[in-house]
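**Student:** So the protein lines, in turn, are chains A and B.
Its first residue numbered 1, the first sequence is counted upward by one per residue in the working numbering.
Its first residue numbered 1001, the second sequence is counted upward by one per residue in the working numbering.
Take the hints with a grain of salt, since some may be wrong.
Unchecked claim - Straight-line distance between alpha carbons at most 30 Å, and here's what the computed DSSO-like set of lysine-lysine pairs gives: (1) 219/A / 109/A; (2) 109/A / 1306/B; (3) 1272/B / 209/A; (4) 1306/B / 246/A; (5) 181/A / 196/A.
Derived by calculation from the structure, the hints in this document are not laboratory data.
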Amino acid sequence: MLRRFGFAFAVAALAASTPAWAEDKQPVTQKTCTELLSFYKSLPFTEVLPIAEGPVSVPGKSGDLTIGFSQTAFNHPWRVAMLAALQAETCRHPNIKLVVLDGNVDVAKQSNDVRDLLARGVDAVLLSPVESAALVPAARAVMAANVPLIVMDRDVPTDKTLFIGQSNVTMGEGVAEKMAKDLGGQGNIVVITGLKGSSPAVDRDQGMKNVLAKYPGIKVLATGDGQWIRDPAVPIMEDFLTAYPKIDAVFSHAEESSWGAQLAVARANRCKDGIRQYTFDGSNAGFKAVKAGAFQADGNYTPFIADIGLRAALHKLMKKPIPGEASYKFPGRQLVLPDSPTVVAGNADQWIGRGWGDFEPTPDPCKK
Amino acid sequence: MPPDALTASRSRRHIATLTRGWQRVGVLAALVLLVIMASLLSPRFFTVPNLLNVLRQVSIVGVLATGMTFVILTRGIDLSVGSLLGVAVVLFAGSMDSRGTAVALPLGLGAAALAGLVNGIGIAYAGLPAFIMTLGMLSFARGLAFIYTGGTPIPILNEDFYVLGNGYLLGVPIPALVLLVALIVSGFLLGLTPFGRSVYAIGSNEEAARLSGVPVRLYKTIVYAISGLMSGLAGLLYTSQLSIGTPIAGQGYELDAIAAVVVGGTSLFGGKGSVAGTFLGTLIIGVLANILNLTGVDPFVQQLFKGALIVVAVFIMSRRT
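For reference, chain A alone in the conformation it holds in the complex (with noise of 0.2 Å):
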């Protein structure tokens, strides 16, 4: 009886301190509106589809409006920075609610939380599918409810309203095409993935073998799977190090493992090798390694798209077309960005600021 009780008073307090919590933070980001607000004047994309300041107002629809995101998970900055763009957009306008929900990585969660906002009767979807294919079942759902669905970043091979990212692909070309240009088209290089199997990591690998198809004489070694995270990634560049003599460059899919194999050079006394590296994210910290020299090139994927999804799903709403929208190989429209560049020393300095990410790099070990 005691602990029903006990149980019952538990969950009444933590329902009663959630709100006091909410009132003044956003949820995941801890940041506020007022933060967020001048975060927004940073962001890359605020010129595509602009929005005034301002309550949105659609035809057929009085007061608030709701917004549901799914996001693929927040256990990645990348993530939370992509989130910390859409609440500076929804701070902008006081009538719009967001309601964001955490796929955990698991494309089961993420099906039925897409399915949870439609029972929420939400205005507008925003998905960013933790898996293409997987997602299809839940976003022909909202497309059958006759919901705007703006997918972002990974895209989803079937109908939607419109899709909004940038090419793993051509960017994983960008970076290999540095790197074969700094070797000379000569050279032994080991690659680090992102957790295999996950699309991008799969579209990275994919953009460097085209390049390489062109370049016989790199040689890659071995392939280790990073997780885009630090921790595998230094047992992995240890034992490369261990096994190959002489390695010219690390090719990684994420600064953060990138980091993992420079800890593993510096530990093993191989600074002097000089083995270059080359890395995706596109974080501040990752622009001032390019820019110290700790990396030689830094693929700028920028999370900064989930604000112009929110602007995209509002011109849908609103009956307003999308100036550069154009149908493409999957059903559905894109919406084309311009493309970012492969950050190199050379223009890091334009692109310090503009990353994501507000955290500073880790000090090189290899500077020590």
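Given chain A's structure and the hints, the job is docking chain B onto it.
**Tutor:** Same frame as chain A, now just chain B:
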């Protein structure tokens, strides 16, 4: 303890010690076999720098597995160790540069130990199943780590801290030394103190241990607090080796730790096993990962080897006893 219960437990302990001895020989033989195979497969495997690398690579999971051994010996399980590591990591990273090591170390270790204590109280006093209590803590603690950081990693600039994770003392990587100290202290606690004997007794037969006067609830609570403290220590190794405090640190490590304990011959049904076995189990898994990388085995295929190793090792061990 009544006299006949004492003799009974003594003779049981005698048998347990014997089988434990056998198991350890089995695990050791497996490790030796693996090392020989690895040396044949890659000329670079059996070199001092590589073996020291392996020791450092296994140090984090090794420390977790050492704490896990206490828990599994009592026939419990601790699924929260990876998340407690994560909490410790973000606390170390968040306070190291601003408040200094003297504040950061007790803060991170203390928080992890405290969470372990909460696990223990939930299991021993509130009667929750260990699986459920620690599963809840796994999610709860991970949530705390995310809230604390707002989902963004915290880089660490402190130089002394870098040395802790990357330096050497007498030619041995410091993290490996930390693991060895944790193993020796744990081995002493389990093998040579009344507390340690009670841990085995609780795992063999909790009711009998309680009847013979072992403070079962208190000791079970302590066991989870130890596991929490070890998670904090593993977090210290993580943060100092990787120079970063990320809220996802240690995700899934609980399964690696359980695998190391089980491959090391400790029974999931409690009462049988040792930290020495756990150390060997940790090394077996570490050497396997190392040789797969050295020989350039595709990462997709590496998972097959790891899975097969766990099943085969436990199958062989269960044949022996």
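**Student:** Holds or violated: are the alpha carbons of residue 1272/B and residue 209/A at most 30 Å from each other?
**Tutor:** This hinted pair is violated, its Cα atoms lying about 51 Å apart.
**Student:** If you draw a straight line from the CA of residue 1306/B to the CA of residue 246/A, is it 30 Å or shorter?
**Tutor:** The hint holds at about 28 Å.
**Student:** Checking one constraint from the list: CA of residue 181/A to CA of residue 196/A, max 30 Å. Satisfied?
**Tutor:** 27 Å, holds
**Student:** Within a Cα-Cα threshold of 30 Å, do residue 109/A and residue 1306/B meet the stated pairing?
**Tutor:** The given pair, whose Cα atoms are some 28 Å apart, holds under the 30 Å limit.
**Student:** Given the hint that residue 219/A pairs with residue 109/A, does the C-alpha gap stay at or below 30 Å?
**Tutor:** 40 Å, violated
Hint compliance for this structure: hints 1, 3 are broken, all remaining hints hold.
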